[in-house]
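Q: Each chain, written out:
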Amino acid sequence: MIEVKNIVKGFGDRIVINDVSATMEAGKCNLIIGSSGSGKTVFMKCLVGLFEPDSGQILYGGEDFTKMDDEHRKEIRKEIGMLFQGSALFDSLNVEQNVQFPLDMFTNWTHAEKRKRVNEVLDRVNLEGANKKFPSEISGGMKKRVGIARAVVLNPKYLFCDEPNSGLDPQTSLVIDKLIKDLTLEFNITTVVNTHDMNSVMEIGDKIIYMYQGCKEWEGNNKEIIFSKNQRLNDFIFASEFLKDAKDMRMLEQAGKIDNNRNMDELMK
Amino acid sequence: MKIFTEFGRYILMLKGMFSKPENTKVYWKEFMHQCSDIGIGSLGIVVIISFFMGAVSTLQTAYQLVSPVIPKSSIAQIVRDTVLLEFAPTLVCIVLAGVVGSKIASELGNMRVSEQIDALEIMGINTKTYLVLPKIVAALIVIPMLVVISAGLGIWGGRIAGTATGILSTTDFDKGLLKAFLPYNVFFAMVKAYVFSFIISSVPAFYGYYVEGGALEIGRASTKSVVVSCVLILFADYVLAALLL
Ligand SMILES: Nc1ncnc2c1ncn2[C@@H]1O[C@H](COP(=O)(O)OP(=O)(O)O)[C@@H](O)[C@H]1O
Ligand SMILES: [Mg+2]
Numbered sequence: 021m022i023e024v025k026n027i028v029k030g031f032g033d034r035i036v037i038n039d040v041s042a043t044m045e046a047g048k049c050n051l052i053i054g055s056s057g058s059g060k061t062v063f064m065k066c067l068v069g070l071f072e073p074d075s076g077q078i079l080y081g082g083e084d085f086t087k088m089d090d091e092h093r094k095e096i097r098k099e100i101g102m103l104f105q106g107s108a109l110f111d112s113l114n115v116e117q118n119v120q121f122p123l124d125m126f127t128n129w130t131h132a133e134k135r136k137r138v139n140e141v142l143d144r145v146n147l148e149g150a151n152k153k154f155p156s157e158i159s160g161g162m163k164k165r166v167g168i169a170r171a172v173v174l175n176p177k178y179l180f181c182d183e184p185n186s187g188l189d190p191q192t193s194l195v196i197d198k199l200i201k202d203l204t205l206e207f208n209i210t211t212v213v214n215t216h217d218m219n220s221v222m223e224i225g226d227k228i229i230y231m232y233q234g235c236k237e238w239e240g241n242n243k244e245i246i247f248s249k250n251q252r253l254n255d256f257i258f259a260s261e262f263l264k265d266a267k268d269m270r271m272l273e274q275a276g277k278i279d280n281n282r283n284m285d286e287l288m289k
Numbered sequence: 004m005k006i007f008t009e010f011g012r013y014i015l016m017l018k019g020m021f022s023k024p025e026n027t028k029v030y031w032k033e034f035m036h037q038c039s040d041i042g043i044g045s046l047g048i049v050v051i052i053s054f055f056m057g058a059v060s061t062l063q064t065a066y067q068l069v070s071p072v073i074p075k076s077s078i079a080q081i082v083r084d085t086v087l088l089e090f091a092p093t094l095v096c097i098v099l100a101g102v103v104g105s106k107i108a109s110e111l112g113n114m115r116v117s118e119q120i121d122a123l124e125i126m127g128i129n130t131k132t133y134l135v136l137p138k139i140v141a142a143l144i145v146i147p148m149l150v151v152i153s154a155g156l157g158i159w160g161g162r163i164a165g166t167a168t169g170i171l172s173t174t175d176f177d178k179g180l181l182k183a184f185l186p187y188n189v190f191f192a193m194v195k196a197y198v199f200s201f202i203i204s205s206v207p208a209f210y211g212y213y214v215e216g217g218a219l220e221i222g223r224a225s226t227k228s229v230v231v232s233c234v235l236i237l238f239a240d241y242v243l244a245a246l247l248l
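In the order they appear, the protein sequences are chains Z and E.
When we follow the working numbering, the leftmost residue of the first sequence carries the number 21, and every step to the right adds one.
When we follow the working numbering, the leftmost residue of the second sequence carries the number 4, and every step to the right adds one.
Derived by calculation from the structure, the hints in this document are not laboratory data.
Among the hints, a few may not be true.
[Unchecked claim] Below, a list of computed lysine to any residue pairs in the SDA-like style, where the Cα atoms sit at most 20 Å apart: (1) E/K106 to E/K23; (2) E/K28 to Z/K264; (3) Z/K94 to E/K106; (4) E/K32 to Z/E99; (5) E/K23 to Z/L123; (6) E/K106 to Z/K198; (7) Z/K198 to Z/E237; (8) Z/K264 to Z/D124; (9) E/K5 to E/S22; (10) Z/K94 to E/K5; (11) E/K32 to Z/K264; (12) E/K28 to Z/K198; (13) Z/K134 to E/V140; (14) E/K18 to E/T132; (15) E/K32 to Z/G161.
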């Protein structure tokens with residue numbers, strides 16, 4: 021579990037994260053949603069310490085990450101896996117070496133043991149057979165999957181994903197979402213996902229935090245989000261006419277005003 | 004004012020490099036990789052420029068020494084000293100500032116911009132120690148070796164050019180080579196080589212490591228690091244000559 025208390029972060033005199041508090045629960049996908057530029061990436065980077073927040077607390081299992089010394093931070097970081105927006109694979113290493121890198125660095129395993137683990141996680145992300153390819157030779161979706169494999173190879177307690185499905189086709193996107201969800205449940209990981217993809221929000225949003233211009237505007241889960249009365253959130257999620265219609269249908273359906281099947285038949289006539 | 008801030012950050016980066024490696028084996032591998040990258044990678048260009056700078060200095064020295072009272076073998080003596088004192092360390096390091104420096108700056112810059120450095124940090128790795136230190140240590144070991152090779156090849160090139168153009172025979176040349184040889188000059192050349200190696204590796208590492216932005220900024224950082232390294236090399240060259248000669 022990660023508790024965030026009153027985080028503020030600015031660049032120069034521009035405040036990018038404004039007094040955000042939240043609790044990220046274990047075994048759940050905690051989503052941070054918001055339009056681009058709303059501060060999702062900066063928020064996530066504050067959580068993992070790539071940016072130092074100007075004030076506020078970040079508690080990992082009760083310990084304040086912002087006040088830790090470097091050595092203590094390193095210990096926490098060994099339990100963190102992160103998937104970056106651009107995957108951030110090491111260009112000079114092939115897929116297998118990328119995934120094996122954390123094992124090389126932090127374990128004393130034998131070569132065979134490492135191999136076994138690498139193949140295990142590559143299998144998990146459906147990438148068997150791509151072992152020897154270099155990052156420049158694989159597609160965006162594959163890169164993301166390698167990134168996830170690398171992030172989870174050491175069995176992290178915390179998993180951070182920055183826009184895991186930006187730039188992917190809807191189908192691949194679903195595969196990645198499912199993967200993240202499954203891993204989270206299977207290993208009881210505290211997962212934090214930045215996204216602006218509504219499919220993921222509906223699929224995996226156990227907990228959703230909506231950010232608007234650096235402030236937390238709304239908090240809930242994927243069942244509540246459709247019925248939220250927050251105007252900004254509604255504008256964000258139901259951006260297209262199609263989705264607005266879909267929402268209206270859902271609302272009517274919920275209120276018992278329409279029977280889905282019958283009305284569809286009538287409409288078709 | 005900005006120059007002081009930059010200098011401060013540079014010093015902090017150097018200070019930040021000294022931490023305990025998370026895993027000596029992985030660090031050793033990275034170090035070896037850098038040695039071969041810097042050494043083997045720039046061997047070709049060093050061989051070519053060394054040979055020709057020796058050859059050209061023989062021809063030009065002969066052209067300037069027209070007096071019949073000066074023995075031919077003095078040409079070899081002059082070639083030896085200019086190659087040893089200036090050409091091998093300074094000229095080679097200026098070229099390496101371009102070859103090695105831009106490579107270091109763009110490699111680190113690319114890792115920074117594509118968040119690979121962040122990815123390493125997240126794993127709990129000190130990236131200054133893992134990425135910058137091996138480059139500087141490798142440069143400190145390999146570049147002086149290149150300078151030694153360059154000095155040898157430069158003198159050899161001068162010898163070949165001397166006989167090929169009929170300016171002086173190999174016996175004359177060899178006689179001149181041994182005349183009034185000061186071992187101190189070799190020491191001086193090596194001091195220069197070490198100082199320049201440090202500049203060539205640490206300055207581009209600094210500009211690359213702290214790149215902000217995208218591909219355009221990587222290019223800028225790489226250009227800037229070459230320019231700054233060259234200026235610093237020339238400046239250090241002057242200071243060392245004033246202090247040690
Ligand atoms: N390193 C930085 N320096 C200055 N401003 C930044 C920096 N990183 C992000 N910002 C600003 O912070 C705001 C939020 O950015 P970001 O968190 O990347 O948005 P997103 O929600 O799309 O991930 C943006 O307006 C961006 O310009
Ligand atoms: Mg972002």
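Q: Next, verify each hint and record whether it holds.
A: Here's how the hints hold up against the structure:
1. E/K106 to E/K23: violated (26 Å)
2. E/K28 to Z/K264: violated (57 Å)
3. Z/K94 to E/K106: With a Cα-Cα distance of about 30 Å, the restraint between Z/K94 and E/K106 is violated, given a limit of 20 Å.
4. E/K32 to Z/E99: violated (25 Å)
5. E/K23 to Z/L123: holds (18 Å)
6. E/K106 to Z/K198: violated (40 Å)
7. Z/K198 to Z/E237: Violated: Z/K198 and Z/E237 sit about 27 Å apart, past 20 Å.
8. Z/K264 to Z/D124: violated (50 Å)
9. E/K5 to E/S22: With Cα atoms ~28 Å apart, E/K5 and E/S22 exceed 20 Å; violated.
10. Z/K94 to E/K5: violated (32 Å)
11. E/K32 to Z/K264: violated (57 Å)
12. E/K28 to Z/K198: violated (37 Å)
13. Z/K134 to E/V140: Given that 20 Å is the threshold and the Cα spacing comes to 30 Å, the pair is violated.
14. E/K18 to E/T132: Distance ~10 Å between E/K18 and E/T132 Cα, so the pair holds.
15. E/K32 to Z/G161: Not satisfied, since the Cα-Cα distance of roughly 30 Å exceeds 20 Å.
Checked against the numbered hints above, the structure breaks hints 1, 2, 3, 4, 6, 7, 8, 9, 10, 11, 12, 13 and 15 and satisfies the rest.
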